[in-house]
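Chains as they are written, first to last, in the numbering used here: chain A, 1 to 222; chain B, 1001 to 1265.
Certain hints may be false.
Within a straight-line C-alpha distance of at most 20 Å, the following computed EDC-like cross-link-like pairs (lysine to aspartate or glutamate) qualify [said to hold, decoys possible]: (1) A:Lys95 with B:Asp1024; (2) A:Lys95 with B:Asp1134; (3) A:Lys95 with A:Glu130; (4) B:Lys1206 with B:Asp1232; (5) A:Lys47 with B:Asp1145; (6) B:Lys1111 with A:Asp91; (7) A:Lys95 with B:Glu1076; (8) B:Lys1026 with B:Glu1076; (9) A:Lys15 with B:Asp1134; (10) A:Lys95 with B:Asp1029; (11) A:Lys47 with B:Asp1029.
FYI, nobody ran anything at the bench for these hints, they're computed from the structure.
Being a predicted model, the structure only gives us computed values, none of them experimental.
Residue-level listing of the chains:
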Amino acid sequence: MPFPEDMLQRSDLTKAAPGGVSLPAAAGSKFELAASLARPVSIIESKGLGFDQFPGLWDWLAAYYFNTICPQKSNGTRILNELARYRWDPDYRRKYRHRIFGPVSLVRQLGVHAKILLNGQPSTLTDWEEQAAARYETGGNPGIAEVLCMLYWDETTGRPKQGAAPNKKTPGTLRRFGDIMRQFALTYDLSAISAQGLLDLLPREFSKWKPKIKGLFSKICG
Amino acid sequence: MIRNFNYTDRKRILRDKVSFEWIDGKGEDLASFRAKIDLHSAGLLRPDGQVWVEAYSGSIVSRYYFGTVEHPDAPEDTRLATFPRGLKPSFKIKVVDPEDPRKRLLAFADKIAPSEREEMESGRQSILPVEYVDLGQQIWNLRMDESLEPVLQLNSTITEPVGISTLAKTPEFVALVYPAVIRQILSRLLLESEDPSTISDHNWLKFGNSLSTKLCPDRDSFGDNYEDFVRDARMWIDEVLDGFCRARLTKDTYVTEKSENHQNG
């Protein structure tokens, strides 16, 4: 079923956001789409759009990019997931699932290191977002996002490393990382520790994922 | 449930010894806050401990340096520039060891909601604010964000036979809704909070203690026995509800109202 795009301009359903921004075309990956929307959203916010009006903005953007966040299959049908992915839900346990708000918020907070949390297509909600982005300690901390990239990002493939995010709490993997950060948040000021400092704090189970020291010193340090 | 061990002897800053006044931005101005922090409640802290305040909502965080334990110094600029206009963040306070490269926490308080000036001056603060929103076919909903401060949402579209704000004051509504609301709040605080020790002085737990014959169970005292803690927490919540209903005579007033309505046809 085609999306009723005419409703995006209806005056009885919509209102112009301040700032007069133009929107980017739908981009390939979730990170690319979110990164391209971060600046327009910042402009709208700087022009005074109130907090109570932002749900409408996120929902309008979800409608505008609906074919991207809920694509049609070859047979014309769509797989419609939970409503929170397309309609703003103020509950803090669900609002990050909104396929526009969640990724854009992460890019605005974490910058380029959000790429590891936003791997995949705009329509997907991966474990990276569920396990890491849903938590303040990880979703709001650029240092932690940088550590995630240092541990689990594969530059050669441009994707997270294989096996980094299994469904269970395998030692050293993403879910264990989330558990460790939650405990660390009660003991250390995570906002003030550098990415390297956080990396050094991690227990031995994360050793196999840590970046290897290259060159002469690798022989000395093993 | 994650077990939390306070090996580093992090001290707790009591939440009733701190206050955050919300200062609304007028016109184009940004909202800001004013904080009063009494660190004596945390016990003896090293005088050069660094005091940081964080405002947060979801993944949005702003940090403000408030000097040291010995020489507190509130920053001039406490504007909440990174938050959308109208959004009230929650606050946490951290006292950090200045010599530890790991930035060890010496004292901590979390999930502090800001108060309006009128609430602070009167000394009274509503522990269950109400907001009116379109809830579709739901009559009411309980909203609790990551600060674990509850807000009762009532359906703004209910205007017949009377408005929802009037309906919410009736004995029927009090009897049928408020016990469920209280149970949800206390369950979320005790059984779903990541670290109940950070909320042990939460206003709702104090409210519960005033209605129960026993004090709220202390998670730390149960050590590894999480199941025992859950059992005791649930029993305590049941006692709180019983205390609430007995204090309000919810059944009697409900039956009386229904009988009168029935007689009046």
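Quiz prompt | Violations among the numbered hints, reported as their numbers in ascending order | solution = 1, 5, 7 and 10
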